[in-house]
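Use these hints to put chain B onto chain A, whose structure you have.
There are 2 protein chains.
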Amino acid sequence: MSCRYMAAVSSSLLRRSITLSPFNPLKPPNSIRLIQSSFQLPVRQCPRRAMSRVGATHDEEAAARAAATEADSGAPTIFDKIISKEIPSSIVYEDDKVLAFHDINPQAPVHVLVIPKLRDGLTELGKAEPRHEDILGHLLHASKIVAEKEGIVDGFRVVINSGASACQSVYHLHLHVLGGRQLKWPPG
Amino acid sequence: MSCRYMAAVSSSLLRRSITLSPFNPLKPPNSIRLIQSSFQLPVRQCPRRAMSRVGATHDEEAAARAAATEADSGAPTIFDKIISKEIPSSIVYEDDKVLAFHDINPQAPVHVLVIPKLRDGLTELGKAEPRHEDILGHLLHASKIVAEKEGIVDGFRVVINSGASACQSVYHLHLHVLGGRQLKWPPG
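Protein sequences appear in the order of chains A and B.
Just so you know, we're using my numbering here: the first sequence kicks off at 1 and counts up by one.
Just so you know, we're using my numbering here: the second sequence kicks off at 1 and counts up by one.
Fair warning: there could be bad hints in the mix.
To be verified - Each computed DSS-like pair below joins lysine-lysine, with the alpha-carbon atoms no more than 25 angstroms apart:
#1 A:K117 with A:K149
#2 B:K85 with B:K117
#3 B:K184 with A:K127
#4 A:K184 with B:K184
#5 B:K117 with B:K149
#6 A:K127 with A:K117
#7 B:K127 with A:K184
#8 A:K97 with A:K85
#9 A:K149 with A:K184
#10 B:K97 with B:K117
#11 B:K149 with A:K127
#12 A:K127 with B:K97
#13 A:K81 with A:K127
#14 B:K117 with B:K127
#15 A:K117 with A:K81
#16 A:K97 with A:K81
#17 A:K117 with A:K85
#18 A:K149 with B:K127
#19 B:K149 with B:K97
#20 A:K81 with A:K149
#21 B:K127 with A:K97
What the hints contain is simulated information worked out from the structure, not anything from laboratory work.
Only a predicted model underlies this, so the values are computations on that prediction, with no experimental measurement involved.
Same shape as in the complex, but just chain A:
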């Protein structure tokens, strides 16, 4: 998930919640205020949303560096509020262990984030221990289910960023599932 997600959340999440979320077909005024309120905290770490492709790349890197300063703090992230449904999201798949929802700032026609509901120390993949193999396997299998649901199972890419130099900007492990267009090589 990109830091730009947070910068864009007030307008784009509102639009999605109206048009896409199965849980919010019509968005109540309370949720509007909630989104606007939630938006205030994370945006402090984010630069302005870039309008150009090059600018977007640099923004992502800057956002990731900023987020890394709190990587090991154990502080809650925006994902906690998405998991609790305090912040609505456009959910693609959910079970007792994982949640998958559309990225608010998609990098392809389909761009879904898959996260564990319980972070359990997995701020990033670089913190994985043997005890995490069960949830890691479940997350990858869930990514395939997401691809099926989104109609891209014949062609999709899963990306996991770990650390600032990989552009990770939310320290709660998340898998990006991208597809719906020809993806390029190298992968960033």
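Relative to chain A, chain B alone:
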């Protein structure tokens, strides 16, 4: 893994096997002949190796489309020979379930492929079933071990391509572990 891997295997793999492989500190003449022989089969599916960045991207897409025609054939891939050590590789990590080795055509200062030794139907992530969750979790944890061994655990990206439009060109599930430079966004 890219199809260009195969186009480059005769020269580059030879160089790596001499300089890097823990199992081939000095390469015997037999292995040279074996590499040259093994090189003949897969290269038929591959276009010429591109010299430019743009050309490389297009080559990857063309190679992936060509490889996809045999995706469901169940035919052996070059990875079977790497697993059996018939083709030497520069191994980073190995256990009874997975093998990790340097990509012969790296897209970053560190670029390692992590594969299951037993394909078990996992030609691509899009074929994953619940029974595969154990190996999928083990592969992701192995990717973290690889990142530690390569000195990039503070910043690395894991990429899984599934299908032609994601640039998959070998139909044996494999995880790319990339790092050692600032990775960009979007991821291809």
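Restraint check for K149 (chain B) with K97 (chain B), where alpha carbons must lie at most 25 angstroms apart: OK: K149 (chain B) and K97 (chain B) at ~18 angstroms, within 25 angstroms.
25 angstroms limit on alpha-carbon distance, applied to hinted pair K97 (chain A) and K81 (chain A): holds (16 angstroms)
Hint consistency between K117 (chain A) and K85 (chain A) [alpha-carbon to alpha-carbon, up to 25 angstroms]: Distance of about 12 angstroms is within 25 angstroms: holds.
Hint consistency between K149 (chain A) and K127 (chain B) [alpha-carbon to alpha-carbon, up to 25 angstroms]: holds (14 angstroms)
Straight-line alpha-carbon gap K97 (chain A) to K85 (chain A), limit 25 angstroms: holds (15 angstroms)
Proposed proximity, K184 (chain A) with K149 (chain A) (alpha carbon, max 25 angstroms): Measuring from Cα to Cα gives roughly 23 angstroms; hence the hint holds.
Hinted pair K117 (chain B) and K149 (chain B), Cα distance within 25 angstroms: holds (20 angstroms)
25 angstroms limit on alpha-carbon distance, applied to hinted pair K127 (chain A) and K97 (chain B): holds (21 angstroms)
Restraint check for K81 (chain A) with K127 (chain A), where alpha carbons must lie at most 25 angstroms apart: holds (22 angstroms)
Satisfaction of hint between K117 (chain B) and K97 (chain B), Cα-Cα up to 25 angstroms: Between K97 (chain B) and K117 (chain B) the Cα gap is close to 6 angstroms, so the pair holds against 25 angstroms.
Satisfaction of hint between K81 (chain A) and K117 (chain A), Cα-Cα up to 25 angstroms: holds (11 angstroms)
25 angstroms Cα cutoff - pair K117 (chain B), K127 (chain B): Satisfied, since the Cα-Cα distance of roughly 16 angstroms is no more than 25 angstroms.
Checked against the numbered hints above, the structure violates none of them.
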